[in-house]
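Chains as they are written, first to last, in the working numbering: chain W, 1 to 185; chain C, 1 to 81.
None of these hints come from the bench; they were simulated from the model. Errors might be hidden in some of the hints.
One side only, chain W facing chain C, incomplete, derived with CB under 7 Å [claimed, not checked]:
1) Thr33
2) Gly34
3) Thr93
Backbone N, C-alpha and C fix where the C-beta goes; we use that ideal spot for every residue, glycine too.
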Amino acid sequence: MPCGFTPLNSTSGCPDNEGGAQYAWAAKLEDITGITVASSQISNFTMATTGLWKRLEFDKDATSFFNQTGERINDTGALRHNAEGLMKFGGFTQTYKAWADDVGDCCKIVIIWVLTNGTRVVQGIEIDAAATGGFTGTKSRDTKGTPSMLSGTSDEEARMEMAVRGRNKKFAPFTTLTDTALAAL
Amino acid sequence: MIKVKAEFADIPEMVTLIDGKRVGLNKAFTATVQENGKKPKHTVDVPHATQSQLAQLFKEGDPTLEEVGNEAKPELQNVTK
Chain W
1 MPCGFTPLNS TSGCPDNEGG AQYAWAAKLE DITGITVASS QISNFTMATT
51 GLWKRLEFDK DATSFFNQTG ERINDTGALR HNAEGLMKFG GFTQTYKAWA
101 DDVGDCCKIV IIWVLTNGTR VVQGIEIDAA ATGGFTGTKS RDTKGTPSML
151 SGTSDEEARM EMAVRGRNKK FAPFTTLTDT ALAAL
Chain C
1 MIKVKAEFAD IPEMVTLIDG KRVGLNKAFT ATVQENGKKP KHTVDVPHAT
51 QSQLAQLFKE GDPTLEEVGN EAKPELQNVT K
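Bound-form chain W, shown alone (with noise of 0.2 Å):
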């Protein structure tokens, strides 16, 4: 994109600044074969096989998040966003060791977030129209979950929570696919 401006006003049609994400759905980069891209958001996905999206429903208790926070190397060298989310699910139990050890075993994940405003953004993917199937990952560092399994003391709360973080040279592209559609494919 070349650089310029545009007028923006964040005081005009009041955009909803809820903050936080509702719930999410996961998948392996690599199960992705293609994006479908229109007006810079994605409007599709070509799966190597159905059923690969999987929801995930963690505590909404104001802990979950997805952050992109720019940086310039040396102040005024080459953009990047360090992407991070969390969800957290309250428990400390089996079924949740199992399922971090897979996570952590993954090499590149895909997090579509969905935001407490009812934004739909995709973590660990970059929209690239020379790349095979139109994608890339995170261009400057994978984007990878770290589960951690955490007791706490008596007076906190036990729970695994992950962390997803990645860094990309753009913002992560946003989605237009609903639920109904994420569990079609």
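Let chain W serve as the given structure and place chain C on it in line with the hints.
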């Protein structure tokens, strides 16, 4: 004619959505879908995309598809012996 690009032709169960329905791009297949958080483990039959569906997906920008020229059919000629 629209067909799957060669680099994707060896993914037998490659699937996408068209009008909310899943279609197989390389062939029809039956898949066992593991529990996905909403539905328990189940089996689904995925039909092979028709040429018109492939054309629609290609028009929408599916990068796994390409248009290939219609091969000219040899003209039928009256053969006199």
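Taking the hints in turn, this is what the structure says about them:
no.: 1; hint: Thr33; result: holds, 6 Å
no.: 2; hint: Gly34; result: holds, 4 Å
no.: 3; hint: Thr93; result: violated, 17 Å
Checked against the numbered hints given earlier, the structure breaks only hint 3 and satisfies all the rest.
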